[in-house]
Amino acid sequence: MKYLDSLKFAFYVIFHPFKGFWDLKHEKRGSMSAALTFLVLLIITYILRRQYTGFIFNENDPKELNVFIEIISVLLPFFLWATANWCITTLMDGEGSYRDIVIATAYALVPLILINLPLVPFSRIINMEEGAFYYFFASVSVLWTGALILAGASVTHQYTMTKTVFTSILSVVGMGLMIFIGLLVFSLLQQMISFVYTIYREIAFRL
358 MKYLDSLKFA
368 FYVIFHPFKG
378 FWDLKHEKRG
388 SMSAALTFLV
398 LLIITYILRR
408 QYTGFIFNEN
418 DPKELNVFIE
428 IISVLLPFFL
438 WATANWCITT
448 LMDGEGSYRD
458 IVIATAYALV
468 PLILINLPLV
478 PFSRIINMEE
488 GAFYYFFASV
498 SVLWTGALIL
508 AGASVTHQYT
518 MTKTVFTSIL
528 SVVGMGLMIF
538 IGLLVFSLLQ
548 QMISFVYTIY
558 REIAFRL
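Under my numbering, residues 358 to 564 are what the sequence shown spells out, in order.
There may be inaccurate statements among the hints.
Unchecked claim - The calculated lysine-lysine pairs, modelled on DSS-like cross-linking and capped at a C-alpha distance of 27 Å, are:
(1) 365 / 376
(2) 385 / 365
(3) 520 / 359
(4) 385 / 420
The set of hints was computed from the structure by calculation and includes no laboratory data.
Sequences and hints are given; from them, build the entire structure.
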């Protein structure tokens with residue numbers, strides 16, 4: 358029952374964000390299992406949108422679906438945000454734990470699921486002239502989620518909205534730095550492996 362209650366509580370959070378996020382953290386109305394469920398649902402939503410959005414509005418080739426890339430495209434930015442935000446707010450007297458950030462961010466993603474899922478069949482029955490409605494609702498889902506992420510961060514860390522926006526910008530910069538460092542480490546490892554393999558071949562050839 359608690360799992361189902363924590364899922365249903367998302368509807369309260371998205372319409373009453375400040376009270377909802379407060380209850381998520383302090384009244385334990387949410388759960389990690391529900392947060393992970395929303396992540397899985399978002400991945401499914403993105404896969405369905407990529408594959409079945411009407412051809413007028415679909416810029417992707419359905420034949421080139423890579424499920425792994427679709428999963429990474431959701432999980433990577435999500436956990437990069439959670440990690441960067443936790444690092445920044447830890448240095449700036451934030452009161453939220455990593456778990457709090459993950460749960461709050463996952464609940465903030467619910468509008469992306471609720472709006473984009475119905476948009477998939479909707480996109481198949483409308484024409485180009487009616488496309489403004491499609492793009493309007495798609496934009497609403499993104500803006501709604503963005504506002505919820507800010508509200509969730511503000512409540513989770515007990516920040517003013519100004520400080521929340523500032524730390525959020527720093528978190529995005531931190532995400533970029535983590536990606537840069539990750540790519541740098543990956544490139545160095547590739548070069549090291551290539552160097553070791555070249556030496557091995559040289560030794561093997563001489564023997």
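Do the hints match the structure? See the list:
Note on residue 365 and residue 376: the hinted pairing holds, with a Cα-Cα distance of about 15 Å set against a maximum of 27 Å. Restraint check for residue 385 and residue 365: satisfied, since their Cα atoms lie roughly 13 Å apart, inside the 27 Å limit. As the CA atoms of residue 520 and residue 359 are separated by approximately 33 Å, the hinted pair breaks the 27 Å bound. About 43 Å separates the Cα atoms of residue 385 and residue 420, which puts this hinted pair outside 27 Å; it is violated.
Checked against the numbered hints given earlier, the structure breaks hints 3 and 4 and satisfies all the rest.
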